[in-house]
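Kindly generate the complete structure, drawing on both the sequences and the hints.
Numbering-wise, full-length UniProt numbering puts 110 at position 110 of the sequence shown, and it's gapless, one number per residue.
Hints are computed from structural coordinates only; laboratory data are not their basis.
Beta-carbon label-pair distances, calculated as ranges:
1. 72 to 136: 27 to 33 Å
2. 21 to 117: 45 to 51 Å
3. 125 to 14: 50 to 56 Å
4. 11 to 199: 35 to 41 Å
Ideal Cβ placement from N, Cα and C applies to all residues, glycine included.
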Amino acid sequence: MLIETQALTKQYRHQRGWLSRAEAVTAVDRVSLQLEQGMTLGLVGESGSGKSTLSRLLLGLEPATSGRILYRGEDITGWSFRRMQPLRAKMQLVFQNSFASFDPLFTVEQIVAEPLLNGPKLSAQERRNKVLELLSLVELDQRYLKRYPHELSGGQQQRVGIARALAPGPELLVCDEPFSSLDFPLRKTMLGLLLRLKRQLGLTVLFITHDLSLVSELCDRVAVMYRGQVVETLPGGQIAGTCTHPYTRQLWQAVPVQAPRYRKPRDLQMKET
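Have a look at this one:
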């Protein structure tokens, strides 16, 4: 097992006013998940369901309130920033908005090369060669090396974001709504790219989204989050035929179809609750 959570919980303290008592708001509520090496797990749910908070807990960007996180069987819950550093290269994040995560004064070459400065020492030429190799993986060529983030299209920005995440050689790639800002044809192209990278590099992927149509194509299994809890776990390619929770059925009903007449056969595949 690559990474596992056991009854993982995250609470925030919220105070409505100066004189009111602080209340606990539960963002992640006793979530237990397992992610095997080479597996792609889809994490779906509406905004505010706790998906992104769970990803930050897994990456050690926020401390858990209770529960455990196991990485290759070792309990990493509560590790300090310094102790987590050796694991940072093994767990990387692809942001929803790559452009916002870039330094606007950096070129593409500097953006992709930055993670390499934290690893084994490389010469300038070795770093450039590695950057070119990474750009080739995401189907960009050397013409983009000297471009700045504002000179890239949305799809190109996401490709650069993926290349940067791949630079340290991670085992686990956490993709937090990476294609939500792209139009449908480009989204399908990027989905194909991610599938190819997963097979080529042997990646384990946690794919966070609210779109069930994406996870049905990409993911081996799908976990559905609702109000901080995982309410259902399903096979990736059999969501319509196996989902039983009312919330999952609502998410599936919201998947866009080409024409309304196509929706009825899909609904008939669902199990009645």
